[in-house]
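Q: As a plain string of letters, each chain reads:
There are 4 protein chains.
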Amino acid sequence: MAYKDEQLNEEKVFKDPVHRYVHVKDRVIWDLISAAEFQRLRRIKQLGTSYLTFHGAEHSRFNHSLGVYEIVRRILFNFEGREHWNKEQRLLCLCAALLHDLGHGPFSHSFEKVFKLDHEEFTRKIILGNTEVNHILQRVDKGFPQKVADVINKTYEDKLVISLISSQIDADRMDYLQRDAYFTGVSYGHFDMERILRVMRPLEDQVVIKSSGMHAVEDYIMSRYQMYWQVYFHPVSRSAEVILSKILHRAKDLYQQDYTFSLKPTHFLSFFTGDVSLEDYLRLDESIVLYYFQMWADEADPILSDLCVRFTNRKLFKYIEFNPNLQMEEWMELYSLFEKAGMDPEYYLVVDSSSDLPYDFYRPGEEGERLPIHLLMPNQELKELSRQSDIVESISGKKRTDHKLYFPMDFVEALPDDEPEKARIETLLGLSQEK
Amino acid sequence: MAYKDEQLNEEKVFKDPVHRYVHVKDRVIWDLISAAEFQRLRRIKQLGTSYLTFHGAEHSRFNHSLGVYEIVRRILFNFEGREHWNKEQRLLCLCAALLHDLGHGPFSHSFEKVFKLDHEEFTRKIILGNTEVNHILQRVDKGFPQKVADVINKTYEDKLVISLISSQIDADRMDYLQRDAYFTGVSYGHFDMERILRVMRPLEDQVVIKSSGMHAVEDYIMSRYQMYWQVYFHPVSRSAEVILSKILHRAKDLYQQDYTFSLKPTHFLSFFTGDVSLEDYLRLDESIVLYYFQMWADEADPILSDLCVRFTNRKLFKYIEFNPNLQMEEWMELYSLFEKAGMDPEYYLVVDSSSDLPYDFYRPGEEGERLPIHLLMPNQELKELSRQSDIVESISGKKRTDHKLYFPMDFVEALPDDEPEKARIETLLGLSQEK
Amino acid sequence: MAYKDEQLNEEKVFKDPVHRYVHVKDRVIWDLISAAEFQRLRRIKQLGTSYLTFHGAEHSRFNHSLGVYEIVRRILFNFEGREHWNKEQRLLCLCAALLHDLGHGPFSHSFEKVFKLDHEEFTRKIILGNTEVNHILQRVDKGFPQKVADVINKTYEDKLVISLISSQIDADRMDYLQRDAYFTGVSYGHFDMERILRVMRPLEDQVVIKSSGMHAVEDYIMSRYQMYWQVYFHPVSRSAEVILSKILHRAKDLYQQDYTFSLKPTHFLSFFTGDVSLEDYLRLDESIVLYYFQMWADEADPILSDLCVRFTNRKLFKYIEFNPNLQMEEWMELYSLFEKAGMDPEYYLVVDSSSDLPYDFYRPGEEGERLPIHLLMPNQELKELSRQSDIVESISGKKRTDHKLYFPMDFVEALPDDEPEKARIETLLGLSQEK
Amino acid sequence: MAYKDEQLNEEKVFKDPVHRYVHVKDRVIWDLISAAEFQRLRRIKQLGTSYLTFHGAEHSRFNHSLGVYEIVRRILFNFEGREHWNKEQRLLCLCAALLHDLGHGPFSHSFEKVFKLDHEEFTRKIILGNTEVNHILQRVDKGFPQKVADVINKTYEDKLVISLISSQIDADRMDYLQRDAYFTGVSYGHFDMERILRVMRPLEDQVVIKSSGMHAVEDYIMSRYQMYWQVYFHPVSRSAEVILSKILHRAKDLYQQDYTFSLKPTHFLSFFTGDVSLEDYLRLDESIVLYYFQMWADEADPILSDLCVRFTNRKLFKYIEFNPNLQMEEWMELYSLFEKAGMDPEYYLVVDSSSDLPYDFYRPGEEGERLPIHLLMPNQELKELSRQSDIVESISGKKRTDHKLYFPMDFVEALPDDEPEKARIETLLGLSQEK
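Keeping their order, the protein sequence lines are chains H, Y, V and L. Going by the UniProt record's numbering, the first sequence opens with residue 1, and the numbers climb by one from there. Going by the UniProt record's numbering, the second sequence opens with residue 1, and the numbers climb by one from there. Going by the UniProt record's numbering, the third sequence opens with residue 1, and the numbers climb by one from there. Going by the UniProt record's numbering, the fourth sequence opens with residue 1, and the numbers climb by one from there.
Worth flagging that the hints you see were computed from the coordinates, not collected in a lab. Note that the coordinates shown come from a computational prediction; the quantities given were computed from them, not determined experimentally. Worth double-checking, as some hints may not be accurate.
Identical chains blur together in the list; that is why a pair holds if it fits in one copy or across any two.
[Said to hold, decoys possible] In silico DSS-like links for lysine-lysine, alpha-carbon gap of 27 Å or less: (1) Lys383 <-> Lys404; (2) Lys210 <-> Lys12; (3) Lys315 <-> Lys383; (4) Lys87 <-> Lys252; (5) Lys87 <-> Lys159.
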């Protein structure tokens, strides 16, 4: 039997808290799960620094990747025998679902910003490079790795396949909303996925939703909205993210200044020089990063050391609402007061805006964006969701930006009361009223 | 106001998937949670290697410790105003609950066995040594750290206080059963904790259960039984545990043989020499251990390297039921066949028995064991649970041992078919029939 | 001890699937629950005819009334010791919560419409009349029954008390959304009530919500929206409701036409004549109504008999979207075609609009309506919810009416194919295309 | 297409709180659900009088019957293509599952005892008699009704089919445990049905369980045990049951004594005379019974009237543990004291033993009992469950009888204190100590 058609003797199941069981029957899927690059996802948290806000959010990307695979498996089970559905695409869809996040590194968001990396590019490299995953996919067919990469890259010719993995209501989002809600313990994130799966229909170039299922989709969109504001953009997690970014910045700066590290940052060298090989990338997971942070806590450089202690022991920055219309003058004053007080403002006075984050709870039809959700009306017409639903319309495409200013409250408080900067800093930060 | 009575301005809450919210009002508790030694528990998994079997089981001991605190908080809330309950003990109970697992290290079970450590001893050392936790406790009262240590150590004079933290139905067990069930996703582990809390009554020297709540307690005992066999003793997790132990053994052996590591095992040195300081102990968390395992995968020693690759990429040993009555002769033969085939049996042929593990789903009255569960009958008499409950009686004190033999199936399969040992090894392992 | 302060020896608990336990400690509450008029609520379904659509929705108003009581109990527990909260009002709030639905009759909505009754009036009559409930309340204080009635009637002087029982986010709504979701099994209806209870604050004349809880409130509003469209306005339940109303109409008409019933409709006489005494009202519960429907199925009058068979055996009317702009001409034609075909259009061609139903998922500030939701901002200002929340704004006050036309498809299909009316009826009803 | 193979155009789903959705594709099933005799099950509560203890337990046998059907549907879906499974039996299994409880009457247990009826006999009569259900089944095949009746009657030749519907681990039990737990809200009743369904295997003459699923089955058995003692045998529900039985007894006695009822008990006549026709039986549902009880509350006979008031308004009997070894003398004395005090002991002093109830949480191999559970061992051997499982063994076949004495505490308390019987009655009932 061809490798692509090989089935396990006995179906394997993974106990999954969200979908109850993840079922694997295909030999290819089983082999991919066992590949080193896929197992590596166990060492990368799904929600980055959110576990410092929601202590339950310690789950990994391995967890989520299995979930996305399982949802696609169920969708395709429902598609069997339907018009427009080409069952030859089944294995391709399953592989793309399983592997779509393969290129994520530790604390992806910060790493990508600081080191100018793109996890999607690394997903492609892992799939196409000299890896266990690639060898498995090649056994299916020489051209198969490229197909999988194309689906994940949204350049594959069959748009229906892409829309399963990447659209406004794809398996990725359906899994992470439910999973992140489950592990954080928040009451948002519930929607009737079973119903959504039942009303999904394959068309020529996309998956659509029977209009009778509109309310279930509204519920899903609302879940997303709530999860963004309640979980993903939580200011405490962002505070940890700010510190994390500043650690990476500082380490890079020190390296570029020829600072001598007591522990040579072997794993980071190519990140600092901007020349990261696939092998380097794969070696860096969150246990490695946390090891370095713990080592760097003992470095001579006071900034690097302080920031690492903060991250490791969760001594985070405090935050206040930041008025983006603050007079340039006042901002300059604050900045120089921090300098004078010995708190390098580059590292200790940080504005962070949530709109930098992937704010996409629903944006129909923007250039280059994920496919919008189309409803299939009883008369077989298609209508874009936000045209039919008041609720979705109300939150579509609105850019809600939230600016916060992060700083080390403990340092400010520790300034001697007779130091003239202290009072002024407190005034400018609006801390005086609070007392 | 005395530090011990200080309350936060506004109650703090942690969103908890198991108890919905963990509530903190006491300044002392809040400070303890923020202490570096407590935050360290975030980097130690509650269930050790179980995440390699149940992918959801990635939760930390931080998670669990908060949960135990919350349960004790609720119990004490119910105790308020009851006879026998001395509210002066409240803060002591809460601190002991929060800190009872503070001394756990990475993958505790294996580390304790290989390096002959005792996590309870380290809990004491952290509480009594020069640590953030100790300083906070001292602020309550000079003698307070010792009291907390005594409660955890079960030597405190007030046995009622001890029984909240450590008995057959303490807050520790009630939290971990529910929490481990939640994160693994298994359907066991549910019992009506709210009812149990309602029927708990303080007596002079122990917490007892009103007899009307017996069935809820039976359910709890059954949960425990099922969790042991379905989760805690799962043979796949034990396979990972076997490999982990063998890595530690090998590293120690190499060190003692003056092997030159390419990466000097700084963090491990005092573990190898058996002279672990508190500081050394606290520095070793699971991210550090995983860092070393990844480094050691590149070591020249083939055994250390192989075992580390196995652990990191989850290439585990397979297992078969091991017949402990196997003829010594056959066992010797198997052992020497492994040697001949180049698989050092010391590392590649391992018998593991579940009875080595803390098998205690219910043992009333054994020497030195946790207090049994007493029911408070309507006539105010006390009866030990297993005398009243058929079900509990049926599983009490039975030692059910399960022996398994672990070995690298991939190595056996990779032996050349014409190698004479292969067939015989397969016969002795009972693999031939399976083909 | 005064009756109003009497406590039960031991707290009583009711196992409740939604709130886990309902706790009763006050003697007055216990006595009220045992009163005949309260027990009668067991024989009246919470969701009227919805059980014919959602088979799980068989729960009674007894169920819900206990739930509302429990929520208010928990709110007041949180209010203890807060400014603005007068604990003297506690028992009044609990009684009003428990009794707020006491005047509901069987299938209230239809009965009220057909017989021009008002359940709120009967709630007052039961509380103030010669009933067990009244006698219990009188024991608290002669004027107490009137106070309870005033709170339910929203005329009580203390507006804070009223807002607990009756506002846009009162205990009534919070219970029914969760309860109806639980029993129907739909995935809507979940919101974080525990959080909402935590952020409720008593002010002088209303309960407000701390602004940090806005998202939890949004979730609650969305639940309500979804429950209305998915459950409460479900067209199949409305079909049953249409038939029910028509049965009552028919029986009343027959009575007025001096028709001789084989079973004298003793229980209904005063309803037919519009002179319903409190005693008559209390005697009519859903088992009585179902008894009559079953008896009337054997009546000589074909319409009454047919409708009763339909209701009893769930042979409901089918429905189509009704275009309210249908040409009067066409409507007249359809009407007379039904007449010709022997299907009295008065009973067999029914337009039903959901806007007739209590459509109130959020209407701030309308005359005579429930109090809107106010957020308490950090600066202590109050802001009306829909001014702060895009989502709530998007669905506020919109009147979304949904018109459906109900008719007996089986009768239409049973018309002989050569009957000229048949084809034309099918065309006008838009049935022909469907074939 | 043959009627038996007809499929609905679009699958119909029922929203079900326990199984999420009940799926119907077969025309035959759809028609059976719509049959009057099946709809009648909506008017019969699944748990009889338990709703007077657990207010959530208001669900009907309609509810449960759909659930059993759904479970069998899922089992057969898993069986597809397996050896031993004859797919020709599929429709038969589904029909038998759906209809297995069709003959239940109102408050079956009491009715059966008082009037010496057997609901299983009526199930057969409905299936084989002149009913809508029978006509539907006949359309499948003339002999089909008999086959369905045989399966339910356990006389069908294919024992595998029977074991799906009726064994120690059949779809009936799996549904009611979960459903009754859901509606009462108790925390028992959970087990991993999905896993059990996955390990069920068809053999020649029974369904067996792969031994790897033993723990899931243990959990199911334990659920059953807990549900019996916590829910099904709850003494308060039994108190209501006692009153119900006594009402029926009294009405029958009065009828036999030629008492003149103000409301002629038309529906009951044939029950009194012991000659119940199928038509009579089908007309009697719980709304009819409750109607009579409400009417009889106004009857002249003080006993009938009192008991009916008690049942309607939930003024139940109190209970004490009854010592079955009570000296005959004392019992005679109590009996005659009740008589003297004007409380007819026939109706007001009732011993009820739980062992009268269907106590079967696990009895392997008893004559005429349901099939025991067999485990399929890896070597293909079969082993009876209680031989493999300590827990199951511990509760198997044990007859645990619980005797209670029910009486009207309010009457006893209302006896004048100077009446000499009072003190003695209180002593004999053990009430004096309690004061």
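Q: Against each hint, give a clear statement of whether it holds in the structure.
A: Checked hints:
no., hint, verdict
1, Lys383 <-> Lys404, "between (38 Å within a copy, 23 Å between copies)"
2, Lys210 <-> Lys12, "between (33 Å within a copy, 15 Å between copies)"
3, Lys315 <-> Lys383, "neither (50 Å within a copy, 34 Å between copies)"
4, Lys87 <-> Lys252, "neither (49 Å within a copy, 54 Å between copies)"
5, Lys87 <-> Lys159, "within (15 Å within a copy, 39 Å between copies)"
When the structure is compared with the earlier hints, violations turn up for hints 3, 4 and for no others.
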